[in-house]
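4 protein chains.
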Amino acid sequence: MGAKETVEVTGHLMDTGILSRILDDIRDYGGDYVLDQFEVGHEAHDPSSARITVEADDDESLQRLLMRLQTRGVNPMSLAEASTRPAERDGVLPDGFYATTNLDTRVHIDGAWHDVENPEMDCGLVVDSSTPGLRVRTVPMTDVRTGMRVVVGTAGIRVAVPSRDEVADSFATVGAELAGERPQAVLVRQVADGMRQTRADGKRLLWVVGPGVVNTGAVPALVALVRAGFVDVLFAGNGLATRDIEQALYGTSIGVEVSTQGGDHGHEHRVRALNTIRKAGSIAAAVDEGTVTSGIMHALVTGRKPFVLVGSVRDDAPLPDVHTDVVAGQRAMRAEIRDVGYCLMMAAQLHAVATANILPASVPLVCVDLDPATVTRIVDHGTSRGRGIVTDVGLFLEQLALELVAGYPRG
Amino acid sequence: MGAKETVEVTGHLMDTGILSRILDDIRDYGGDYVLDQFEVGHEAHDPSSARITVEADDDESLQRLLMRLQTRGVNPMSLAEASTRPAERDGVLPDGFYATTNLDTRVHIDGAWHDVENPEMDCGLVVDSSTPGLRVRTVPMTDVRTGMRVVVGTAGIRVAVPSRDEVADSFATVGAELAGERPQAVLVRQVADGMRQTRADGKRLLWVVGPGVVNTGAVPALVALVRAGFVDVLFAGNGLATRDIEQALYGTSIGVEVSTQGGDHGHEHRVRALNTIRKAGSIAAAVDEGTVTSGIMHALVTGRKPFVLVGSVRDDAPLPDVHTDVVAGQRAMRAEIRDVGYCLMMAAQLHAVATANILPASVPLVCVDLDPATVTRIVDHGTSRGRGIVTDVGLFLEQLALELVAGYPRG
Amino acid sequence: MGAKETVEVTGHLMDTGILSRILDDIRDYGGDYVLDQFEVGHEAHDPSSARITVEADDDESLQRLLMRLQTRGVNPMSLAEASTRPAERDGVLPDGFYATTNLDTRVHIDGAWHDVENPEMDCGLVVDSSTPGLRVRTVPMTDVRTGMRVVVGTAGIRVAVPSRDEVADSFATVGAELAGERPQAVLVRQVADGMRQTRADGKRLLWVVGPGVVNTGAVPALVALVRAGFVDVLFAGNGLATRDIEQALYGTSIGVEVSTQGGDHGHEHRVRALNTIRKAGSIAAAVDEGTVTSGIMHALVTGRKPFVLVGSVRDDAPLPDVHTDVVAGQRAMRAEIRDVGYCLMMAAQLHAVATANILPASVPLVCVDLDPATVTRIVDHGTSRGRGIVTDVGLFLEQLALELVAGYPRG
Amino acid sequence: MGAKETVEVTGHLMDTGILSRILDDIRDYGGDYVLDQFEVGHEAHDPSSARITVEADDDESLQRLLMRLQTRGVNPMSLAEASTRPAERDGVLPDGFYATTNLDTRVHIDGAWHDVENPEMDCGLVVDSSTPGLRVRTVPMTDVRTGMRVVVGTAGIRVAVPSRDEVADSFATVGAELAGERPQAVLVRQVADGMRQTRADGKRLLWVVGPGVVNTGAVPALVALVRAGFVDVLFAGNGLATRDIEQALYGTSIGVEVSTQGGDHGHEHRVRALNTIRKAGSIAAAVDEGTVTSGIMHALVTGRKPFVLVGSVRDDAPLPDVHTDVVAGQRAMRAEIRDVGYCLMMAAQLHAVATANILPASVPLVCVDLDPATVTRIVDHGTSRGRGIVTDVGLFLEQLALELVAGYPRG
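Residue numbers (my numbering), protein chains in the order written: chain A, 16 to 426; chain B, 16 to 426; chain C, 16 to 426; chain D, 16 to 426.
Just chain A, with the same shape it has in the complex (with noise of 0.2 Å):
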């Protein structure tokens, strides 16, 4: 083997199973290692420490195998500048290009330590200096201009994984874990926990939420949640949006719905309702015009907080108020997660993976869906303080409001 560096991590090294990953990722990279020094936490609480030397078999397989070591918080030793290269081209990164975490990052350049703006996974590192005071963001791939200076290879980056410690604030329990036959009170009651103490940090509370929101019949619940403002922003497809909007032109009482719900009935009311809004011209003008009275768009509308909805190819046509360019609706997401410090994913199997894609991993988010396989693939979702729990929808806003929100289903 050619290439080797010298890297050091420090944690609960041991009772978080990360060195063996580490070594596993080692491995799986075909590279190999030797585990210089190794100080061990001689009691349960104590952290410890391990310094390895990694080989590869050349530069570039090395540079790679770092990047990917960087995903568990393990950084180079050696205290050289990041090396940058201009992009060639719109919209392509130069080659070498460092493929970043969304864990807290560090970049030492021009002889300074600075912080990444926004971690996002999968992006570019530009580094801007077009500004007074020099700044380090990620840039994803679509958003890459000629001449943008990007950092390459791992020299010069240090990345923070968040300690157990700091997860516990937000759980009881620690990391990503799947609540399949948990007590499903105590998770409801932790939730709203999570949420009062967003609040009260100042931060915002972020809701990704699916159409099985609506025919779970929690629209009620959803509806008292953002009126007693615990819905800061909510990211959604066409989906959510028109059964919401259709539920509320179409008032069908429940006992109707509920005997119909799985005929073509609401697939005629859904394409009237699409057609509707269009004329409108957008959800608000609709909401404005007295068109919609009720509902999930209906609160948010008249409670002026912001949602962002993304089209599909699945849509058989798009409210106006949906960006229908992916590329677009996801620079949309983007500006409105700053500050977000919770995440709630309700039945949302694409917009939850797209919204995990763009926040950082330092938010916790809570995956709620009946299917197991919706909320594994979110929780073991890049490397992000997830928590999963297979249940109702339905059922579990009702709970969800019951606990946070006062006089509800009264009030």
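Take these hints with a grain of salt, some might be off.
Unchecked claim - Short, incomplete list of chain C residues facing chain A, as computed with Cβ under 10 Å:
{"id": "1", "residue": "PRO155"}
{"id": "2", "residue": "PHE250"}
{"id": "3", "residue": "LYS294"}
{"id": "4", "residue": "THR339"}
Claimed, not checked - The calculated lysine to any residue pairs, modelled on SDA-like cross-linking and capped at a C-alpha distance of 25 Å, are:
{"id": "5", "chain 1": "D", "residue 1": "LYS294", "chain 2": "B", "residue 2": "PRO101"}
{"id": "6", "chain 1": "D", "residue 1": "LYS294", "chain 2": "B", "residue 2": "GLN78"}
{"id": "7", "chain 1": "A", "residue 1": "LYS294", "chain 2": "C", "residue 2": "PRO109"}
{"id": "8", "chain 1": "B", "residue 1": "LYS294", "chain 2": "D", "residue 2": "GLU54"}
{"id": "9", "chain 1": "A", "residue 1": "LYS19", "chain 2": "D", "residue 2": "ARG164"}
No wet-lab data here; the hints were simulated from the structure.
We put the CB at the ideal spot given by N, CA and C, even for glycine.
Given chain A's structure and the hints, the job is docking chains B, C and D onto it.
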């Protein structure tokens, strides 16, 4: 085709789709038909009636097709008497035996019509004249004894399918359907209404409960329902009873449970819990001696509610109360279904199917499970009046207790 | 009730259950009916016909109910002409617009019947007299332009439901059904027969493919099918194309793949693969310059087979060939469905629904997926002639290639 | 904390993640620890070793924690002798009994180390000096008899965890993992290799088979494997045997089956098939008298391969060969696992768990099922060397027969 028979059927033949299913059956069994007469209801609520001449290759095929059609409420026109043949061997029905449905059934024998006492599917019909007044009852294959007088063929048998209105008594919507993405709160209320009505009618409430009820934290809700008189008899396996007792014995707080449930800790606790009860001699003995002081089994024992536990090959060791012989277990279950007017199945796969096997079609049943496949299996099973609810059992029981038990969870 | 209309329907009304579904629809829409006449087929293969007077509260409700009934092949008796109204705004249909089905449809206009050129569901019907000879075609809401002449109401429209026999041409068994636990070898042979027949008929084979096809090791099978001429056009998302190209670029041997697929290694590979193709400018350019030398996309490019890739909000970055605007993507898909005679959907959730949205009901489609919920969603979708097969896509494609490609896997 | 003990563990502690799981266990059991010594392997393939002093509140807690740790291969340093206590009652183990793992276990007793003859989890350890030469064996709770000499506590017991290399013999990749979206062809070949190797080693191949194998059309493949000598013993329930015999008796062609499998037709066939075999007296008798002439059970009987059928409460009536007492059934299964070197579980939920309960951890097992939850349950079960493959059982067996049986499907 050699053998034919004219049959008749009356009811809402078209709006319930029953006529198409009848014609499908005839085709599936390789038979043919002529629709002799068809009186169609002119308005939406009028019943229709049809007279159909059914043909098959030979008499044996015809008899089997006619048995099949009886599960749809189709009866032969002829007023012939039922034929019988004696069983020649213990545990074996005579050739050509009439295989029962679980529908209300009458048999024309010795010049009079007799109601079958205990409709159960896949049994033989035994005519019993040992007591004054002839009786006809279903007998499972395992309980056939040499010399029993068993009905063969379809002559002289009439079966009644429950009408739409009867079914509508217990549910707002019609027949067997999956709830999946339905408003859960409405469903909980409908189930609660059915339970109250059953109690008001002087009928018994049967529960079939799987071990998931313990894991989802629903023990307090179910205990409250037992104490409030909403559980008259409970069927379960070794797993439910053992996990419930394990929780009672090792009184771990919810917090600890959440963090360990996935581990093998409970595994070892379970083995010790089993040994403890085996030592006491029975669950009731363990309650009496003060070893078990809480939980579902404790509530049943102290409330003098009967339960039937039947083991499976998966059990590592059975509690002393568990029937390890499954045929004996089925007999014990049959002995407890008299006067059952409503059946709730909670996360109980194996025992739910076993109960559906022996219940008459006239008993409404509700099957709640997070896994759609389990729910479908029960709801599509036989000709039952089943309703499936795909949801979280823990949250469902919590809501049901809130609906039915005054003061819950405080009381 | 104020508004009524007499309608008629002919076919195997009872043995296909269609009549019960018609009566269910009337009830679901709050209407009522009188069955004026019912000519019943006396023998199993005779068609029946019914004349029904349908009532609704007002004319608008009646029109909507009649549109609904047309999805069942129920047509009004009256020989009135179709009414039209001009679109007043781009992207918005006029009030009372006729919402299309994907069934064969004829419109009576200007004194003659005209076939609708491209049946597609949830569209408007536009009458085009700009060219010599009047044409009627479906137009999706997004493509409506001010001044277009749009059909409103149900007068003058007749819809034909495919007969049972037509459907039986493509499948041994009838209609839409789930395969779940069915003999898979038989199903593979039936699909192969349908594909050969389609080719013999001079029609095109459309594939909709999800990324799971790469993971399950089915790339060689699908490449063989492309080369043997069994793939005429392919619809997919960014995921399938990216994973396929990633595999082509990072030519990791199967062994290594197996051990790493679950890891984030492929994650980083994917980002670099994306950047590489973006740098080349297009997939075809990357094939031409020798960067991509194997895989599904390579086979399509070298075989000059068209493909349509449409992105989603979940994509981290799109390949240059991907439509990021979903409405533009839908248009590109529509442009490729002419002459499609058979459609195969392989582990493709999002794009499978999108394709089912635009395909005429007359195109048989087969949906293969390991997840029963995905399969059900497609097979229950609209009025398509869909068939679901719940099985492993990798093994299914392997068997299909063995059946269709001489010499596979050696050739 | 009052009680402490020093333990040691050796192996690839970090790269297998075993050390983190050990420390998790200590926490979960409410204990504490000091890491006295930690010799770390400096290069990738060196083993590490650790000496840990474990503390718990009292001696009973400590003993239970130590038993738990033994499932990880952690053994006490002390060379004490094992303690024993006599069983005081049939079917009940003495207090403080050592609860076994299914790992290779040695007991230090009467001054020497003795191998446990038949490692099985959740049993007691019984010391038998009735024959010349002391023997130690596992005894399930149900088979405990008064006076048996049972090991209590953890002193004098050493457990060995299979090393990574041993496991690698049977599978290219390491340990227990789910296959889900993996290249299936590779997996089939690996399983075939494991089966050939087992046969070459003179060990037996155990199959556990569920009724889905019949439905998916895999009977011919499994029959070919029986005839070619790749099935030495088969465990199943009443369902598999009954469906297999039903298919043999009612020899319906595949076409007809496909169209009716979903119906209740098979339901009635099943009841008649059951009665036919009950009349014959046994499956072998029905084969001998020429009633059953094909299928899996026929192949086993004519090939003189043993099978164990154990019933469940779900069976409507058992075949005469079925153990209706589940404890007797478990004993019959135990009697057949000697010399088993490889175990295949095909779509068998209940009996798969039951078999995993009694197999030693040293037997590699492969669990194939379409439902990921079933596969996970087996693979996460105890400490087995299990491998899960989420795929279609029908296609899997077809491919396996092609791989192993020369001339299949022609031969």
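Hint by hint, here is what the structure shows:
Taken as an interface hint, PRO155/C checks out: its beta carbon lies about 6 Å from the nearest beta carbon of chain A, inside 10 Å. Interface restraint check for PHE250/C: the shortest CB-CB distance to chain A comes to about 9 Å, inside 10 Å, so the restraint holds. Because the beta carbon of LYS294/C sits about 5 Å from the nearest beta carbon in chain A, less than 10 Å, this interface hint is met. For THR339/C, the shortest C-beta to C-beta distance to chain A is roughly 5 Å, which falls under 10 Å, so the interface hint holds.
Taking the CA atoms of LYS294/D and PRO101/B, the gap is near 14 Å; set against the 25 Å cutoff, the hint holds. Pair hint LYS294/D plus GLN78/B holds up; C-alpha atoms about 21 Å apart against a cutoff of 25 Å. With a C-alpha separation of about 9 Å, the suggested pair LYS294/A and PRO109/C falls inside the 25 Å cut-off, and the hint holds. Straight-line distance between C-alpha atoms of LYS294/B and GLU54/D comes to about 45 Å, which puts the hinted pair past the 25 Å bound.
For the given pair, LYS19/A sits about 59 Å from ARG164/D by alpha-carbon distance, which is inconsistent with the 25 Å threshold.
Figure legend: structure checked against the earlier numbered hints; hints not met, in rising order: 8 and 9.
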